[in-house]
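Keeping their order, the protein sequence lines are chains D and X.
Residues 1 to 255 in our numbering are what the first sequence lists, from first letter to last.
Residues 1001 to 1111 in our numbering are what the second sequence lists, from first letter to last.
Derived by calculation from the structure, the hints in this document are not laboratory data.
Treat the numbers as computed from the prediction; the structure is a model and nothing was measured.
Ideal Cβ positions, reconstructed from N, Cα and C, are used throughout, including at glycine.
Among the hints, erroneous ones may be present.
Stated by the list, open to error - Short, incomplete list of chain D residues facing chain X, as computed with Cβ under 7 Å:
id	residue
1	G31
2	G42
3	A46
4	A72
5	A75
6	L85
7	P86
8	V88
9	L224
Claimed, not checked - These stretches of chain X come out as covered by chain D in the derived footprint (C-beta under 8 Å, 3 or more residues):
id	stretch
10	1005-1011
11	1091-1098
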Amino acid sequence: MVPVSQETGQGASSIHEVLERVCRVMHIAEGFLPPAHAIAWGVASAPFVVHGVRSLTREVREHPESTLLLGAAGAFTFVLSALKLPSVTGSCSHPTGTGLGAVLFRPPVMAVLGTITLLFQALLLAHGGLTTLGANVFSMAIAGPWAGYGVYRLLRRLDVPLMVTVFCGAFVADLATYCVTSVQLALAFPDPGSGFWGALGKFGSIFAVTQVPLAVSEGLLTVLVMRLLVRSSEGELTRLGVLVARTGERAAVAR
Amino acid sequence: MKRNTRINVLLLLAVAVLAVAPLVFGLGDHKEEPFAGADAEAETAITEIDPDYEPWFSPLYEPPSGEIESALFAVQAALGAGVLAYYFGLRRGRRQGLERAGAARTAGEGD
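If we strip away everything but chain D, and leave its shape as in the complex, we get:
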């Protein structure tokens, strides 16, 4: 719980409540972004998803054997984004599960898998929404995977052990999703007193506290699945460049 100081007064408390009620389950609810924002985020997301569909079909055409692993990566997102977990702030939120797919198949593919998950939730669960799909896709299926993948690649280059890089990648992907969501909300609902930056600071600080334990959980679960994959699908992980070939070829990583 973030204490509301007397000086900030009404603005802070209502922002806090917006956060807790609209966004405690991560996605921005249906109809809760003004039309201009909804359209803008849709336009921003569309090229990423189109590009993602292209690289997904290319991947499946060139390596039909990877379809199964693609399914598994999508399934991981499905499971994790259905898990609403309690957090230290006394409200519930859920992880995203996008880090694994981003590490395995690169972020463009994850844009598609994340969009499918978000569509499922918007259509069947009234969770998130069609009008806010663009914004939610941008945070969960684009920004999260890219941020996580970036951290993963950076740490790989620094020769950090694989499972540590996977943990950090998943952790950052999860947290970045929330950061982008708070930017989106701050843009749509700036604080009456302190404007965009004030709203962003408040949204962001509360998000961080709620989401950090969940991001840790997500990191641990992603490491668990990656450990199982290393044991069961060594060949495929080597082809995807996650595992270095036994002969010590560094080229596979630098792909």
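Start from chain D and add chain X according to the hints.
Same frame as chain D, now just chain X:
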């Protein structure tokens, strides 16, 4: 227990502890409705920050009750878990089949 299995179990335990700790330590006690995931209150919340704002679109389909909503969330998790289990089961089966075939071949050569 093998070292590998032990690490996996520890990972799961850590996640469970992270999920249960907030409940055990009563971190939601200060709230009227602790650990809720209420989208239903969303409308009042936005009108507090922006009294003129009205949601301009409503979901095409809304689960009629909280029970049905959680059922659908369970379906989502079950679908995902099912596909994951299928993947790992298939992999394991294939590997065992290959090992058995390999063992049979070396046994055949030994004759």
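Do the hints match the structure? See the list:
Residue-level restraint check for G31(D) holds (minimum Cβ-Cβ distance to chain X is 3 Å; threshold 7 Å). For G42(D), the interface hint is violated, the least distance from its beta-carbon to any beta-carbon of chain X being 13 Å, above 7 Å. Checking A46(D) against chain X by beta carbon gives a least distance of about 19 Å; that is not within 7 Å, so the hint is violated. Look at A72(D): its Cβ gets to within about 4 Å of chain X, closer than 7 Å, so that hint holds up.
Against a cut-off of 7 Å between C-beta atoms, the interface hint on A75(D) holds, since the closest Cβ of chain X lies about 4 Å away. With a cut of 7 Å, the hint placing L85(D) at the interface with chain X holds, because the nearest CB-to-CB distance is about 5 Å. Nearest Cβ of chain X to the Cβ of P86(D): about 4 Å, under the 7 Å cut. The hint holds. With a cut of 7 Å, the hint placing V88(D) at the interface with chain X holds, because the nearest CB-to-CB distance is about 5 Å.
Interface restraint check for L224(D): the shortest CB-CB distance to chain X comes to about 4 Å, inside 7 Å, so the restraint holds. Interface restraint, the stretch 1005-1011 of chain X with chain D: holds (3 residues with C-beta to C-beta distance below 8 Å; minimum three). For the stretch 1091-1098 of chain X, the stated coverage by chain D is satisfied: 3 residues place a CB nearer than 8 Å to a CB of that chain, which reaches the threshold of 3.
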